[in-house]
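Trainee: Spelled out from the first residue to the last, the chains are:
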Amino acid sequence: MGGMINLKINDIPISIEEGASILDAAKKINIQIPTLCHHDDLCVAGNCRVCVVEQAGMKTLPTACSTPVTEGMEILTNTPRVLGCRRTIIELLLSEHNVDCPHCYRNVNCELQGLAEEYSVDNPKLISLVTDESVEISSPSIRKDSSRCIRCQRCVRTCAELQHVTALCVANRGAEMKISTFMDRPMDQVVCTSCGQCINRCPTGALVEHNYIAEIWDHLGDPDKYLVVQTAPAVRVGLGEMLGFDPGTRVTGKMVTALRMIGFDAVFDTNFTADLTIMEEGTELLLRLKKALLDKKPVALPLLTSCSPGWIKYIEHEHHSLLDNLSTCKSPQQMFGPLAKTYYAEKAGIDPAGMIVVSIMPCTAKKFEANRPEMKVSGYKDVDYVLTTREFGRMIKQAGLDFKNLEDSKCDSILGKHTGAGVIFGATGGVAEAALRTVYEIITGREVPFKNLNITAVRGMEGVREASIKIEDCVDDWKFLEGVSLKVAIAHGLANARMLMKQVEKGESPYHFIEVMACPGGCLGGGGQPIPTNREIREKRAKAIYEEDESLELRKSHENPEVQKLYEEFLGKPGGRRSHELLHTSYTARS
Amino acid sequence: MARSPFPKKISDSHKRVDLIFSELPTEKTLQKIIKMTPDRIIRDITDSGLRGRGGAGFPTGRKWTYAREAEGDEKYIICNADEGEPGTFKDREILDRRSGKVFLGMAIAAKAVGANRGFIYLRGEYSYMAKDLLGEIDEFNKLLTSKSVDFKIELRLGAGAYVCGEETALIESMEGHRGEARNKPPFPATVGFRGKPTVVNNVETLVYATMIISIGPKKFEELGTKYSHGAKVFCISGDAGLKGMFELELGMKTDEFVNIFGDGATKAVQVGGASGQCVPRKKFKDTILGFEGVPTGGSMMLFNSSRSMYNVLKNYLEFFTEESCGQCTPCRVGCQQLLRGIEAVKTGRLPNTYLDDLIRVAKTMRITAKCGLGQSVANPFISIVDNFREEMMHF
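First to last, the protein sequences are chains A and B. For the first sequence, the positions run 1091 to 1681 when this note's numbering is used. For the second sequence, the positions run 250 to 644 when this note's numbering is used.
So here's chain B without its partners, still in its complex pose:
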C-alpha cells in the first residue's frame, strides 16, 4: 500500500526524519564498511546511542560488544523480520523498498562481531516476499564475494507464531524446534544459534546501523532526547486522522502526537501494540514517546470515544491466549485467567473486585514469565484496567 503523504511540518519541537527510506548507494557504502575496523564500527554504533527498534530497546552497541567478545569458531547475524506485533507494518515496507540497507546493516554487524553467516528470519505471513527477497540477497552475496568479503546472507521463513519474534524462540525455530523461548542467561550474544555467539537485530535497527555508518554517529545522536536518541518509524492505525508510516524523532509528547494524528476524539493511544502500554487521555500531556516514557516498537493504535476499551483488552487477551507458546505457567495459564476473568466480571458472574485479583496475576506474570511475551501481557492489562475500570463492567 502506498504511504500517506507527509505533512510539511510534524511538530514544533520534533522533526520528521528521512533516514530509513532514503536512497543509499549499496556498493559505495559497502566499500566504506570494508575499510572500517570492528572497533571503529562498535564505537560509532555505541556513540550514536542506538537502541533496538523491535520493542525491547537493548543498546545495540552493547549487544555487538558482547558478541564480539564471546568465544566462538562461528558467529551469526540474524535479522529479525518476524514482524508480528499487532499494528506494526514497517519491517515489511523496509524490506520491500530498502532491502539493500538491511543487508548492509547485517554486513556491518558481521564485520563488528566477526561473523561470516547471516540469516533473515522472515515472518511466515510475509512468505509472498520471499521470492523477490531471495533474488536481492543473491545479488548482495555476489557483491560481497566480488569484494572478497567473507559473509553470506540466507533466508529463513517463520511459520506464523508471534512468539518467534522473541529472539531465543526465533533461534529455536531456526534450529527446527518448537518456537519456545530459552532460559536466559545465557543470552544469544554468547550462546545463540547452534550454540554460537549470535546477534539478533530488528530490521529497522539494522537500517539505522547502516545510516549511522553512512552519516556518522553524531548526526543520529543529536536527534531525539537525552535517553532516546535518533528516530523511529511509527505505524499509525486505528481511529487516526492520518494513518500509515511516519519516521519521527523520538521523544515526542503523546498530546503532540495525538494533535497531529488523532481524529479529534482520541481517548486512548495503545503504544507498542498488544504488548504495549495504553496511554489514556488524562496522561497524554505527561507521557513521552521514548525510552524515558512509553517506548514503542512502532505500533501506535488510536482509539476514540466510540470504542469500548473492554473489547480492546479482550481482543489483546484472546491474541495472547492463542500466541503464548504455552511452556511457562504464568503466561500459559495467566493469559487464560485474565481473559476468562474479565469476561466473568463483564457478565456479572464475578464481582468487580475480582479485577484486583487479576491485576495481582498480571503483576506476577510481569516478573515471573519466561520471556518478553508473558511479561508484557501485564502492560495492556494493567494500563487498561486501571484507567478504564468502569468500561470493564459497563461499556
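The shape of chain A in the complex, shown without the other chains:
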C-alpha cells in the first residue's frame, strides 16, 4: 500500500495513491462524474449506478465510486455509450420517483432533479411505478415520503455508520424493496433519535423535516400574538449558504435584522442561555466532584452533557444505566423557553398566554424536544415552534428580503447578550471548552492557562478527543481539587458516543466530564443545516464559529452581564431552587 498508480482518464494521464477510486482520480483532474448514492461522509455503496464509466478491455461499465484504480487503467467518462446508460438509469430512477416537483420541499435543491436537467431527460417515456403517495408523519421532526425515495440508502448508511442507531433499514427485495424501520413501525415508535442526519444526506425529498413555516406566518400576521425568537449559535454560520454566501460566512448581524424585518417582536439569542447552561452545568459538575472527592459519597460521574436532544433520545433508548450521569440541565433552547414566558414576560409586561416562542435551530431533534410533555414548566408550552436553518432561510426568501445587503443589527435585551463561550456551543468541543473556561476560573480564580483562552485540545474533527487540565493553587472553597487533573472527553456523531458510553458502562472511563453532540461536527453539522453538509463545509463553519468567539469582547459565560442580572433579579444562584424548577429536567428510559 501507499504506492502511486498511473492511469488515464479521457486520455489525460494521472497519478494517484493506491486504493483511490476512479471517482477520486477524476476529481483530481476536475473531470465531473455524476453521483447520487455517493456521499463523502459515508461508505461506498455503488448502487445507484449513475457514475458508470467505460474501462478499456471491459464489457460492462464499472462504477467510478466503487472501482479502485489499477496500473495502466484507461477510463473514458463521456462516451455516447456512457452518457446513454446514465440517461437510462436516471429515467429509471424518475420512473419510480414521484415527479411532482413543485409540491416537493426539495424542489430546486434536489440531486435527482439536477441530473434530470443535466441529462436532458425531458419526456417521460417509461411507465410510472409510483402507486402509494402517502407520507409518514408520525415523527415531530422527520417526514418520510417513500414515493420520492430512490433507494440510494444514504439515509440507511448515515443512521448505521455515523450514528450506530439503525432506525432506518432496508426491507424486502426486488420491486418491494424499500427503506423501512424495525417491523415497519412508524418513525415515532422506533429508536430514531430525530437527529435528522438522514435528511441532510437524502438526495431527494424523501426525507425532510416537519416544517412549520405556514404556522409561523399565521402567527406573525396575528396582532394578538407576541412572537419571541431565539437563534442557536450554529445557525449564523450556516444560514448564509442558503442566501448566496460561501460556506463559513458569518451572517449574525444580517440574521438579526432579517428576523426583525420578518416581524418578530423580540429577537433574542440562544447563546444567552448557552452561557446560562455553563453556569448551571458547571455548578453541577463542581457539586458532583465535591460529593465524590470530598464527601466520598456515591455520585454518577463522568457528567455527560445534555445540550443535544438527539443525543438525549439516543441515551434514553440505548444506555439506561447512564441516565443519572446526564446533566440535569435542559438544553439552551429549553432554558430559553420558560425564561421568556416568565422572567421576560414579567419584565416586559407581556401576557405569556399570547406569547409564541420560536426557535431557529440547526437541528431537527429540537422539534422533538420542544414537544416533550415535561417541557411546560412556564405553565405553557415553553417553546412553541422550532424551525430549522433551512426553514428560516426559506422564510427570508419568501419575505423577499435582499439578505446580502441587509444592515447588521444586534439582539434585543434582556435575553440577547452573549459571550464567545456561548457561541462555541455550535461546534463539537465547544461546550467542554466553555465549561472549562468558567469552571477553571471558579476553582483557581485564574483564567484557563491557554493562549487567548483557546483550548485547542478540545477542538477539531476527530471523532473522539480528550483533554486534561491539572488544577493547582485552588481558592479556599475548592482546595480538595488541588492537584487533580480534570479530564474531559468529547464525542460527536452517535457512533463515537457509543464507544465512550461502553467505556463508562464498564466502569473504565477515566473522565470527569464528557461532551456529546449527536451530529458530526456538533450543531454546525446538524440535521437542520443547509444541504449539502460535508466534512469540508463543516470545517468552514467551525472556523467561522471560532472567529465569532474571538471577535467578541466577552469570552467567558460567567462574565455575561445579563446572565449575572438574571441571577440577581430572578433565579438566585446557580443550581438554586428556581433554577431547578425552570432550567433542569429528568430523563425517561425508552425501549
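Read the hints as simulated data drawn from the structure, not as lab findings. Only a predicted model underlies this, so the values are computations on that prediction, with no experimental measurement involved. Any given hint could turn out to be false.
Simulated pairs of lysine-lysine, PhoX-like, Cα-Cα distance not exceeding 20 Å [stated by the list, open to error]:
no., chain 1, residue 1, chain 2, residue 2
1, A, K1149, B, K612
2, A, K1215, B, K612
3, A, K1655, A, K1633
4, B, K563, B, K612
5, A, K1215, B, K433
6, B, K433, A, K1149
On the provided structure of chain A, position chain B as indicated by the hints.
Mentor: Chain B alone, transformed into the frame defined by chain A:
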C-alpha cells in the same frame, strides 16, 4: 426422482459421459490428494481447461491461483449449492448421490489454495437434505482428522433468495447480512468471506475437480471442444421427448440436441434458465452449446409451437422482479419496467415500438447492473423479443 434411462447413443459427434455420478473410493482418492503439492493440483486443474459449471464459466484454475496468491491468515472454500436457476436440478442430485466427491473437490481446492475451513451453502429449499448431509460431512471430517488433514467442512443454509447464488451475495448471506451482491473488485478470491481469500465453486465444478485429479487432466481436456473442455450435466425440461439429467460432452450443436431431446415441434430452447439465452428454431443449426456459443449452467428448457413466448418471457420477468435484491437501479427498476412494458404492449396501451425502448433499458441493465442477476435479465429479454416480436403482441 429416478433418472430417465440413458439412450445407448446420444449423438454421432458427442459422447454421453459418466464422470459426475461414477463411483469413486473416497479414502483412496483422499490419499492421492494428500500426496499432491498445491502447485501440481493447480497445474492439473488449469491444464484440464475446467471452467465454472454454475453458469458464469470462470476458469477454475485461475480462480484458485488468485486465492492461492492472495495474502490471508485464513482462507475459505465455499461450495455453492444454492441451486436456484429455474430448470436446474443437478446439484441436488449430485449432493444426494455423490456428496463424497463434492467433499473431495473441496479438499482439493483447500489444499491448492491453503484453506482449512470449508462451507457448503445449501439452498433454503433443500433444507430437507441437511440432516443426511450433516451426517456425511461429519464422516468426512473424521476421515480428514484421521489422515491429519487440517481441513473441516461445515454446512450453511440459505433462506430462499435466488440472488444468493451470486457468490458475493452468498458470502453476505453467510455473514448474516442481507443477500446483496458486493462491489467488485475486489473479488472473493482476494477479499471474500469475513474479508479473507475465498474460493466459491459450484457443486458440479468441485466434482469435476475431483474427477480431474482422479483420471488426470488430459482425459478431461480431450472431451468437448477447443473452447469448452470436458462435459456437463444438462437438466432437460419443458416440451421434451426425453427429460431429466444427462451428462454430455460440451460443444454440441443445438439442432443435434433438439433432435435427441425435442418432441418434434420444438420452436425454441431456453439455454441456461431464466437468466440464459433463448435460441429460436432458425438458429438451432449455428448455435453451439458451450462457451463459444451459448453456455448453460445446466438448465435446458424446450418449448414447442403450442407455447406463447410472451408468457414465457413474462414468467421470467416476474421471477426477476421478485428475486432482484433491489439495491441497484438498473435491476430493481429495470425488471419492473420490462415487465410492465411488455404487458402494456400486449394489451395495446403502448405501441409495439415501445419494445425498442425496452430493449434499450435491457441493454443498459446488461452493462450497468451491479451483479450477474441484473446483467443477465437482458439475455432472455432481448433474445425472446428479437426472435418472437410478433408473439409479444399477438400470441
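Trainee: None of the hints should be skipped; say for each whether it holds.
Mentor: Verification of the hints:
1. A:K1149 to B:K612: holds (12 Å)
2. A:K1215 to B:K612: Answer holds: K1215 of chain A to K612 of chain B is near 16 Å, not above 20 Å.
3. A:K1655 to A:K1633: violated (31 Å)
4. B:K563 to B:K612: holds (18 Å)
5. A:K1215 to B:K433: violated (32 Å)
6. B:K433 to A:K1149: Measuring from Cα to Cα gives roughly 14 Å; hence the hint holds.
Hint violations for this structure: numbers 3, 5, all remaining hints satisfied.
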